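Using the sequences and the hints, build the whole thing.
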Amino acid sequence: MFAQAVTSRGRRVAAAVPAPAARTLLGSRTMTTNNKTTTPIAKPIQDYTKYLTAVSLARQPSAIRALQPIMAMPGMISLAGGLPNPATFPIANVELTLKNGAKISMGDTMTRAALQYGPTPGHPDLVAFFEKLQARVHGTPYANKQLERKILVGNGSQDLLAKAINALVAPGDTLLVESPCYVGTLAILKPMVKAQGVKLAEVPTDAHGLIPDALDKILADWPATSPKPRVLYTVPTGGNPTGNMAPIERRRAIYALAQKHDLVMLEDDPYYYLQFALPTTDAATQQLTPPADQATDVALGDRYASALVPSYTSLDTDARVIRFESLSKVISAGLRVGLCTGPAPLVDRIALDVQATSLQPTGLSQAVILALAQHSWHGVPAGFLAHAARVAAFYRSRRDALLKAMSAVRLVEDGLVEMSVPQAGMFLWLKLKTVDDASALVKGYATDRKVLLLPGIEFLPNAQPGEPCAFVRATYSTATDEQMQEGMKRLRECIDLAMRDQQKQKQQAPKK
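Residues 1 to 512 (the UniProt record's numbering) are what the sequence shown spells out, left to right.
Derived from the structure by calculation, the hints contain no laboratory data. All of these numbers come straight from a predicted model, not from anything done at the bench. Ideal placement from N, C-alpha and C gives every residue a C-beta, glycine not left out. It is possible that part of the hints are untrue.
Said to hold, decoys possible - Simulated restraints, written as ranges between beta carbons of each label pair:
hint	residue 1	residue 2	range
1	Pro227	Leu83	44 to 54 Å
2	Ala408	Ala333	27 to 37 Å
3	Thr447	Thr225	40 to 50 Å
4	Glu249	Pro223	25 to 35 Å
5	Lys194	Ala42	38 to 48 Å
6	Lys103	Ala333	20 to 30 Å
Unchecked claim - With a Cα cut of at most 16 Å, we get these calculated EDC-like pairs of lysine to aspartate or glutamate:
hint	residue 1	residue 2
7	Lys506	Glu458
8	Lys145	Asp159
9	Lys43	Asp348
10	Lys50	Asp216
11	Lys150	Asp437
12	Lys504	Asp436
13	Lys217	Asp282
14	Lys433	Glu493
15	Lys431	Asp496
16	Lys190	Asp436
17	Lys450	Glu482
18	Lys450	Glu486
19	Lys260	Asp293
20	Lys443	Asp481
Given below as structure tokens:
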């Protein structure tokens with residue numbers, strides 16, 4: 001496969017980008033390690049402007065947004081900002097009722113703040129909580145201690161990711177993306193491919209994520225006449241669609257290549273806190289509601305933090321990683337609260353885009369998360385991590401239920417399906433070994449029998465219309481045990497029918 005790399009803003013030449021060696025994600029279970037890492041030899045980035053697009057570099061702070069810190073000074077009389085008067089807000093107080101029966105009242109002050117314009121980076125108290133969480137889980141590895149690591153809260157991590165891509169990928173640029181790749185990210189990128197000449201260089205993956213040798217070869221073989229890609233995108237934990245999880249050794253190897261080839265990494269990690277890291281015998285994870293004893297809850301959070309596979313951010317001595325996280329999978333999808341963490345020169349550029357578009361993350365959603373942090377999570381990261389550990393244990397039980405349903409109809413045992421067992425996230429990536437085109441099966445046989453799966457071709461960055469693909473994505477997040485059992489029974493029927501019809505077509509085809 002060949003992609004085009006840019007020689008200038010207007011002229012492109014063909015650049016050899018090896019096609020993925022295999023679009024399968026099959027192999028042994030991913031290992032789980034503790035949080036002890038070997039610190040990479042630092043190669044700090046000296047100039048971030050070379051990564052940024054002309055549009056991003058041209059952004060200037062909003063004059064109105066710049067007034068907010070001054071308006072908050074004691075004794076300041078503001079006749080400048082166009083804030084609505086809170087006396088006109090019809091909501092006096094917001095009270096939350098938790099599933100364990102506890103109630104949290106935000107009170108007048110917090111409610112008014114939640115309903116008013118707020119700072120672009122997020123509510124200061126919520127940002128402070130996230131700073132403690134990031135330090136607890138990912139450490140502070142920057143070799144340049146003068147360089148600030150910043151956090152930006154956003155209206156979901158997807159919005160922040162889109163803004164980061166717009167800041168880092170110019171028309172005609174080539175972006176390194178894992179293959180298969182999250183379809184939501186491709187929804188951002190494909191219009192850029194079509195309208196702006198952006199190219200997607202596919203980096204093959206296996207059951208442990210990005211393959212280091214493949215990434216190194218792509219970049220080592222890049223034509224000298226074409227600019228190398230500057231940015232790499234990956235979902236390293238509980239990958240979507242694959243469910244794969246890169247072990248620490250793989251992450252060290254990929255990070256070393258980012259250093260070697262001077263890449264900025266976009267670490268899209270919404271499933272990081274859905275790692276199945278604790279043993280099933282850990283009694284504290286057996287129910288979703290927290291215990292009354294705070295010490296027991298905090299101890300669970302500490303155990304979970306120690307069991308998590310270290311992130312790329314935890315290895316980031318150079319300050320070349322922007323990390324994207326979401327609370328959608330562990331708290332609420334509808335609240336739309338996400339965050340990005342990274343070096344200030346890059347995060348500040350994303351923040352300027354927020355200033356010009358959505359202005360700030362939604363105040364009421366932030367207030368809900370902050371109330372949980374201060375009350376349910378005891379104001380400490382371990383409280384949140386304990387909640388995440390219980391949620392992860394829940395999803396592991398759902399994974400096991402789907403695997404049991406598959407086994408009941410012998411999908412793997414009879415050689416019809418091949419897969420790896422995910423160690424994080426919500427997804428199974430299934431190769432239908434005996435079906436010529438999984439997309440046709442999903443859109444025909446499966447739809448007719450009312451079992452819904454997602455065709456794998458949707459996750460292939462450079463797939464052509466009608467290209468055959470053997471994969472489908474299944475999720476175990478919401479279906480009941482009974483629905484999984486019936487769904488896998490129907491899938492088996494679909495495969496059997498597709499095999500039968502394929503055989504008929506071959507028999508009826510004219511002999512050459």
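Tested hints:
For the pair proline 227 and leucine 83, the supplied restraint of 44 to 54 Å holds, since their beta-carbon distance comes to about 45 Å. Take alanine 408 and alanine 333: their Cβ atoms lie about 30 Å apart, and the range 27 to 37 Å holds. The given range of 40 to 50 Å is respected by threonine 447 and threonine 225, whose C-beta atoms sit roughly 48 Å from each other. About 31 Å separates the C-beta atoms of glutamate 249 and proline 223, a value consistent with the hinted range of 25 to 35 Å.
At about 39 Å, the beta-carbon gap between lysine 194 and alanine 42 stays in the expected band of 38 to 48 Å. Separated by about 23 Å at the C-beta atoms, lysine 103 and alanine 333 satisfy the suggested range of 20 to 30 Å. A threshold of 16 Å between alpha carbons decides the hint, and for lysine 506 with glutamate 458 the separation of about 27 Å lies outside it, so the pair is violated. At most 16 Å may separate the alpha-carbon atoms for a hinted pair to count; lysine 145 and aspartate 159 exceed this at roughly 29 Å.
For the proposed pair lysine 43 and aspartate 348, the alpha carbon gap of about 22 Å is over 16 Å, so the pair is violated. This hinted pair does not check out: lysine 50 and aspartate 216 have alpha carbons roughly 21 Å apart, beyond 16 Å. Using a Cα cut-off of 16 Å, the hinted pair lysine 150 and aspartate 437 is violated, with the two alpha carbons roughly 46 Å apart. Between lysine 504 and aspartate 436 the CA atoms are separated by roughly 13 Å; this keeps the pair inside 16 Å, and the hint holds.
For the proposed pair lysine 217 and aspartate 282, the alpha carbon gap of about 43 Å is over 16 Å, so the pair is violated. The straight-line distance between the Cα atoms of lysine 433 and glutamate 493 is roughly 15 Å, inside the 16 Å bound, and the hint therefore holds. Taking the CA atoms of lysine 431 and aspartate 496, the gap is near 15 Å; set against the 16 Å cutoff, the hint holds. Note on lysine 190 and aspartate 436: the hinted pairing is violated, with a Cα-Cα distance of about 26 Å set against a maximum of 16 Å.
The suggested pairing of lysine 450 with glutamate 482 holds, with an alpha-carbon distance near 14 Å, which does not exceed 16 Å. Proximity of lysine 450 to glutamate 486 is assessed by CA-CA distance (about 10 Å); at most 16 Å being required, the pair is judged to hold. In summary, the hint linking lysine 260 to aspartate 293 is not supported, as the alpha carbons are separated by about 48 Å, beyond the 16 Å threshold. With a C-alpha separation of about 24 Å, the suggested pair lysine 443 and aspartate 481 falls outside the 16 Å cut-off, and the hint is violated.
This entry does not satisfy hints 7, 8, 9, 10, 11, 13, 16, 19 and 20, going by the numbered hints stated previously.
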